[in-house]
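Read off the chains here:
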Amino acid sequence: MTEFEPKIVAFVCNWCTYAGADLTGTARIKYAPNVRIIRLPCTGRIDFMLVLKAFAGGADGVIVSGCHPGDCHYTAGNYHARRRWIVFRKLLDFVGFDIDRIHFAWVSAAEGAKWAEFVNAVTERIRQLGPFEDYHKLVALGNEPIEVA
Amino acid sequence: MDALRNKARDLLSDGSVQVVIGYGPGSVPDQARAVFLRRPEQVGALFFDDRCHQNLAVYLTKPEVKALGKPAIVGTPAILRSILQLAAENQIADGQVLALGVDGDGRVTELPDFKSIEDFLAPLPADLSPQEQEQLARIEAMSRSERWNYWIDQLSCCLRCYACRAACPLCYCGRCAVEANQPQWIPVAPHPRGVLEWHLARAMHLAGRCVNCGSCAKACPLGIPIHLLTQMLSQEVAKRFGLQAGRSAKREYVLGTFKPDDAEDFIR
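Those protein sequence lines, which keep their order, are chains A and B.
Numbered according to numbering that gives the first Met the number 0, the first sequence spans residues 0 to 148.
Numbered according to numbering that gives the first Met the number 0, the second sequence spans residues 0 to 267.
Hints may contain errors.
PhoX-like, lysine-lysine: derived pairs with alpha carbons at most 25 angstroms apart [unchecked claim]: (1) B:K249 <-> B:K114; (2) A:K89 <-> B:K238; (3) B:K258 <-> A:K89; (4) B:K217 <-> B:K258; (5) B:K61 <-> B:K114.
If you are wondering where the hints come from, they were derived from the structure by calculation, not from laboratory data.
This structure is a prediction, so every number in the text was calculated from the model and none was measured.
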């Protein structure tokens, strides 16, 4: 049997982390290929439903990353996002959802190395945890086809 | 009860309100239902006892009820808290609703504006009942996988009838996210994934807005304790951000504001 390769979805903001990940590439820093980057205008745009959608689509882990506090292109999007995650993590934890599957970081456009390090660390963590059976089982019940919009 | 009927009769007779929203006899003896009284001679239908637990504030935002004219509404503490929260969200204007505060002794207090509602509520306890606190503590004491199994098991009988949404005075959106189908965020079938997503989305949308009236769980035909999700979040929001829903007609929305020093121990 082949080794388990985690499927990780990263929701990143256009202005900092996406540019940071770009820098990782330009600097030729090698990092785990398990991550699928989805670029959004701002962390403030990352609705909690997007995270649930990623897990419904078979993700084993989710990364959410954006500008450092104070650096938001839209002034305060990341501050709003931070509050939303505080509340959302609490809710997920309360229903017994494994919140170790969702990781957050501030990665600026200059932090290519941090991005590589962060993705590697998350990939390693998810690899240890194994496939997200709880959610995959739930999704597979009744064999409902999943339409990813 | 007589005090309530007399007050309703006076208000309707002198034209200071056009409709009285209260509790009247339901179709079975042990249940009460909402009644909308528009003429003084109808007030005999009104009563108030422990059968009356529906949150009547749910009607205040409905266009067909607004069309009846200025309402007076029988106000339990939960209903009054809902009115204040609706006011904080700019859904009702000051003086638009006359609340009739009722207490255990059958006294009726006229509350014409938000200030008087705030004063009426101020001495009353706002915390969860000991029973609710115990339920929350019991779930929080479980291990993570026990919590997951508990909720998946509880939610497995959800029919997606949305009675919880209909019963909630704060679920007043004209178009609900759950009905969005382009793209479809939440599957509409009563499938375990869609059910879980619906209840998570409902709780998130009510985060820090829920006034702990418990109507959602009472309305649930399957008896799922879904009120615990929103109550847990409102407790958490009060604890972390000091924002308590339904105590004041002027209040920030927890997810619409921020503090630069919000905790970020979970962010790398």
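So, going through the hints one by one against the coordinates:
no.	hint	in the structure
1	B:K249 <-> B:K114	10 angstroms, holds
2	A:K89 <-> B:K238	12 angstroms, holds
3	B:K258 <-> A:K89	18 angstroms, holds
4	B:K217 <-> B:K258	36 angstroms, violated
5	B:K61 <-> B:K114	23 angstroms, holds
Hint 4 alone, counting from the list given before, is not met by this structure.
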